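Could you slot chain S onto chain U? The hints should help.
Protein sequence lines correspond, in order, to chains U and S. Residue numbering for the first sequence follows numbering that gives the first Met the number 0, starting at 0 and increasing by one per position. Residue numbering for the second sequence follows numbering that gives the first Met the number 0, starting at 0 and increasing by one per position.
Think of the hints as simulated: they come from the structure by calculation, not from any bench. Bear in mind the structure is a predicted one, so any value in this text is a computation, not a measurement.
Computed beta-carbon distance windows for the label pairs:
hint : chain 1 : residue 1 : chain 2 : residue 2 : range
1    : U       : ASP168    : S       : GLU193    : 49 to 55 Å
2    : U       : GLN437    : S       : SER162    : 33 to 39 Å
3    : S       : ILE192    : U       : GLY470    : 55 to 61 Å
4    : S       : ILE192    : U       : THR226    : 30 to 36 Å
5    : U       : PRO315    : S       : ARG31     : 54 to 60 Å
6    : S       : LEU116    : U       : THR226    : 23 to 29 Å
7    : S       : ILE25     : U       : THR60     : 40 to 46 Å
8    : U       : ASP168    : S       : ALA33     : 28 to 34 Å
9    : U       : ASN120    : S       : ALA33     : 49 to 55 Å
10   : U       : PRO413    : S       : SER162    : 52 to 58 Å
11   : U       : GLY114    : S       : ALA200    : 56 to 62 Å
Only pairs whose alpha carbons sit at most 27 Å apart, straight line, appear in this in silico DSSO-like list of lysine-lysine:
hint : chain 1 : residue 1 : chain 2 : residue 2
12   : S       : LYS59     : U       : LYS182
13   : U       : LYS428    : U       : LYS446
14   : U       : LYS531    : U       : LYS203
15   : U       : LYS318    : U       : LYS49
16   : U       : LYS176    : S       : LYS59
17   : S       : LYS59     : U       : LYS173
The beta-carbon is built from N, C-alpha and C at its ideal position, and this holds for glycine as well.
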Amino acid sequence: MKRRLVVGVAAGVALALGLSACGGGTSSSNNQGGSSGNANAPAFNAAVGKVFNPSDKKGGTMKFAISSDWDSTDPGDTYYGLSWNLVRLYTRALTMFKVVPGTGSQELVGDLAEGLGESSNGGKTWTYKLRQGLKFEDGTPITAKDVEYAVSRSLEKGTLVNGPFYFNDFLDLKGYKGPYSSKGQDNPAIDTPDDHTIVFKLKKAYGSFDYFAMLPSTAPVPQGKDTGVKYKEHPVSSGPYMFQSYSAGKAFTLVRNPNWDQATDPNRKALPDQYDVTIGANADDIDNQLIAGSYQVDLAGTGVQPAALSRVLGDPNLKARADNPGSARLWYTAINPEVAPLNNIECRKAVMFAADKTLYQQAYGGPLAGGEIASNLLPPIIPGHQKLSVYPPGQDNKGDVAAAKDALQKCGQPSGFSTNLSYRAERPKEKATAEALQQSLGRVGIKLTLKAFPTGDYLALYAGKPSYANGNKLGLMVYGWAADWNDGFGFLSQIIDSRTIRASGGNSNLSVHVPEVDKMIDQAVAETDADKRNQQWSAIDKRVMEEAVVLPGVWAKSVTLRGTQATNVFVNEAFGQYDYMAMGLQ
Amino acid sequence: MLTFIIRRLIGAVLTLLVVSMITFGIFYLIPRWAGGSAESLATRYVGRTANPEQVQAAVKALGLDQPIYLQYWNWVKSIFAGADFNTGTSIEHCPAPCLGYSFIGRNPVWPDLLDRLPVTTSLAFGAAIIWLISGVAIGVLSALRRGSFFDRAAMGVALGGVSLPIFWTGIICLVIFSYGLGWTAPGGAYTPIEQNPGLWAYDLILPWITLALLFSAAYARLTRAGMLETMGEDFIRTARAKGLEEHTVVTRHGLRAALTPIVTIFGLDVGLLLGGAILTESTFSLPGLGKYAIDGIVANDMPKVMGVTLLAAFFVVIANLIVDLLYAVIDPRVRLG
Numbered sequence: 000m001k002r003r004l005v006v007g008v009a010a011g012v013a014l015a016l017g018l019s020a021c022g023g024g025t026s027s028s029n030n031q032g033g034s035s036g037n038a039n040a041p042a043f044n045a046a047v048g049k050v051f052n053p054s055d056k057k058g059g060t061m062k063f064a065i066s067s068d069w070d071s072t073d074p075g076d077t078y079y080g081l082s083w084n085l086v087r088l089y090t091r092a093l094t095m096f097k098v099v100p101g102t103g104s105q106e107l108v109g110d111l112a113e114g115l116g117e118s119s120n121g122g123k124t125w126t127y128k129l130r131q132g133l134k135f136e137d138g139t140p141i142t143a144k145d146v147e148y149a150v151s152r153s154l155e156k157g158t159l160v161n162g163p164f165y166f167n168d169f170l171d172l173k174g175y176k177g178p179y180s181s182k183g184q185d186n187p188a189i190d191t192p193d194d195h196t197i198v199f200k201l202k203k204a205y206g207s208f209d210y211f212a213m214l215p216s217t218a219p220v221p222q223g224k225d226t227g228v229k230y231k232e233h234p235v236s237s238g239p240y241m242f243q244s245y246s247a248g249k250a251f252t253l254v255r256n257p258n259w260d261q262a263t264d265p266n267r268k269a270l271p272d273q274y275d276v277t278i279g280a281n282a283d284d285i286d287n288q289l290i291a292g293s294y295q296v297d298l299a300g301t302g303v304q305p306a307a308l309s310r311v312l313g314d315p316n317l318k319a320r321a322d323n324p325g326s327a328r329l330w331y332t333a334i335n336p337e338v339a340p341l342n343n344i345e346c347r348k349a350v351m352f353a354a355d356k357t358l359y360q361q362a363y364g365g366p367l368a369g370g371e372i373a374s375n376l377l378p379p380i381i382p383g384h385q386k387l388s389v390y391p392p393g394q395d396n397k398g399d400v401a402a403a404k405d406a407l408q409k410c411g412q413p414s415g416f417s418t419n420l421s422y423r424a425e426r427p428k429e430k431a432t433a434e435a436l437q438q439s440l441g442r443v444g445i446k447l448t449l450k451a452f453p454t455g456d457y458l459a460l461y462a463g464k465p466s467y468a469n470g471n472k473l474g475l476m477v478y479g480w481a482a483d484w485n486d487g488f489g490f491l492s493q494i495i496d497s498r499t500i501r502a503s504g505g506n507s508n509l510s511v512h513v514p515e516v517d518k519m520i521d522q523a524v525a526e527t528d529a530d531k532r533n534q535q536w537s538a539i540d541k542r543v544m545e546e547a548v549v550l551p552g553v554w555a556k557s558v559t560l561r562g563t564q565a566t567n568v569f570v571n572e573a574f575g576q577y578d579y580m581a582m583g584l585q
Numbered sequence: 000m001l002t003f004i005i006r007r008l009i010g011a012v013l014t015l016l017v018v019s020m021i022t023f024g025i026f027y028l029i030p031r032w033a034g035g036s037a038e039s040l041a042t043r044y045v046g047r048t049a050n051p052e053q054v055q056a057a058v059k060a061l062g063l064d065q066p067i068y069l070q071y072w073n074w075v076k077s078i079f080a081g082a083d084f085n086t087g088t089s090i091e092h093c094p095a096p097c098l099g100y101s102f103i104g105r106n107p108v109w110p111d112l113l114d115r116l117p118v119t120t121s122l123a124f125g126a127a128i129i130w131l132i133s134g135v136a137i138g139v140l141s142a143l144r145r146g147s148f149f150d151r152a153a154m155g156v157a158l159g160g161v162s163l164p165i166f167w168t169g170i171i172c173l174v175i176f177s178y179g180l181g182w183t184a185p186g187g188a189y190t191p192i193e194q195n196p197g198l199w200a201y202d203l204i205l206p207w208i209t210l211a212l213l214f215s216a217a218y219a220r221l222t223r224a225g226m227l228e229t230m231g232e233d234f235i236r237t238a239r240a241k242g243l244e245e246h247t248v249v250t251r252h253g254l255r256a257a258l259t260p261i262v263t264i265f266g267l268d269v270g271l272l273l274g275g276a277i278l279t280e281s282t283f284s285l286p287g288l289g290k291y292a293i294d295g296i297v298a299n300d301m302p303k304v305m306g307v308t309l310l311a312a313f314f315v316v317i318a319n320l321i322v323d324l325l326y327a328v329i330d331p332r333v334r335l336g
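For reference, chain U alone in the conformation it holds in the complex (with noise of 0.2 Å):
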């Protein structure tokens, strides 16, 4: 009797087992597997590079999903890509990146002024020219000064802590702290003429300020309406939507700004009613709703979770509606030349022909949601990405075994060494890529121990901090590094700049000390040409890798999956994820 008992319950559990595998195919009705010619037939990678399904057709409501919450909705203090892409549905930056799929979106153009910058002084003032017609949602006038104290907000770090440092660091500040700080007096660094004219004085030159023109900061907010921390709870609409209702970490929805004149905005075409947008969902759930149909985008853009990852690629119907965006991420290796015997070169580049990048890729998730393997730092996303080959870990990318043992023996160390391995705890793809060198590595006799950190310190207290990485002997740290926007100095300015690092920690820059480098920097920064510029970056890239300090693995990238009823999708390459602000509903 108890046999039987217990083979029925093997027997139902099973079932529902089976039952659990063919549960959400019965949903995806409408979808044939169709060939590439057609832009409104289902295809892998149809929104790369071109747009899927485009349509001007209005109305719908478009409901968004996220699993883990960012930042925060206030345009003067946020730091997320997404939040980036999300938030000019209700703002408008002075310029914006192209709203268009492949390569063109890495162009500038006007948002809020009528096109880009004119620099004089060297490239040490920038003006701008605010088009006309410009209102916020309860219908007054944007002008200049709007911009000007957003611009002025944004510099408050004690109270708006999270956004970017640029202006802080480059505007002609002369001791201005902001509006809470230094109540009353006007900020030297930015003069507004008039009502639709704009001037930002630096510090030092910088040729591609058009790109801090883009930072969510210079979208403008009112005075008056301002609440310092309390603003991201209803932001003043400059965009074509404003905010209806919000709870913090729970949901948010937008409706039609009315106050928003198509006529003034070339950019956006504003195509659903409302957005809904759902905090704190359970990501395993997302992606079974996006397939079923009742969410249209995961707002993370990262990709579909492991358990969804192997039906989508395995299911035809499902991989036809599914994307391969690459992103501007690279995960890497820092090789920490203050820990000998790594001080040698050539014991630095042993451990670079010795990885094994495969291994790493696999770490990461694969060709497909892991990223392709990274032969040096700018990722292909980057203008100016040059693929280099710079101690090549031979030509199957399994490692050059033959040249680390020689490399070994120039430095001094023929049967190998042993050093210390960092990576963050909470991240499995870390460990996995900690395993994978500590195996490749030891081919050539260089022994590794593993140390595992807390993510929240990772760079605060332990890679991060001088003292205790050169302290403990961390000779290798597992990290990775996304752009701020997709420049050379967006990619790269904080992680190979020796003179971002602090002796008090939290540096990103966790192996790169070049002077040289530092000099190559000054001179891209203050390049007013782009193409030029872009050369420069490409050169900084392979100065650095020609240092053996930095061990590229994998450039990012996500297997995405499109929502069933979304018209008008591409990746915006500007954010590595679909634009949010183009897309409208069938």
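Just chain S now, kept in the frame of chain U:
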């Protein structure tokens, strides 16, 4: 009776105090012992590329440089007297009981807790009623039909229900019943009861059943064991001999005696559940206290964690008090005090 209640309430306050001190201590002391400082603690609450001045500003704003007992005292004070908070453009006063402002996002904690409480109470009470009724009913029937196929099957299914992890059963149930068959609401759907009671129940029926599956197993087994023991007692034989109907014997005489351990467990379970059904809320994307707790823990957001911990402890303490009071009602032999 009254003195009993007053004594228990004083004990409750002391318990809450101790719980809050322990939570505070864990949050602040352990990083210190691991070699951290106020600055390293503050780096979690600032943006991606903070410079030392900004970290210092955060240390001051969050009061992390003060001695721990002073920070604790300020927090306790704020519960009774409220606290002031600088939003940048103005000073905001949060009235008592002000449980502080979250370190991430600087939202006041108490309104967030109140906002999420209805979700958790809806989930907890709905599931509690289902598992109590189903668990006890199955337990009673199993006890009466001991050894039968029903008994074996029920206990087997109960075992399965308590063994399967809820984050798996939840997702599977959603895939089958919500997205596959379309019978139940999708994950994340929640309508407040005052808006539409029918929709409220429809949105929650799947989380209720899934959560109840977890608990009713224990209740079924407990009831069965208690019933088996009680039904063998002499007074049951006497009741039958007096000519009472069988269902009266079972419920009024048998079940009532077996109910005491069930009431104890029920009180504890509901009390703990009100503190946040973390796994269920995460699985079904319900924005309740459990989800709030997880968000706070993952982000190292101490005020959120303190707020939920205190509220959860409060519920457990009150639930225990109610359970003890119910003993006197159920079992006349028990005298309070």
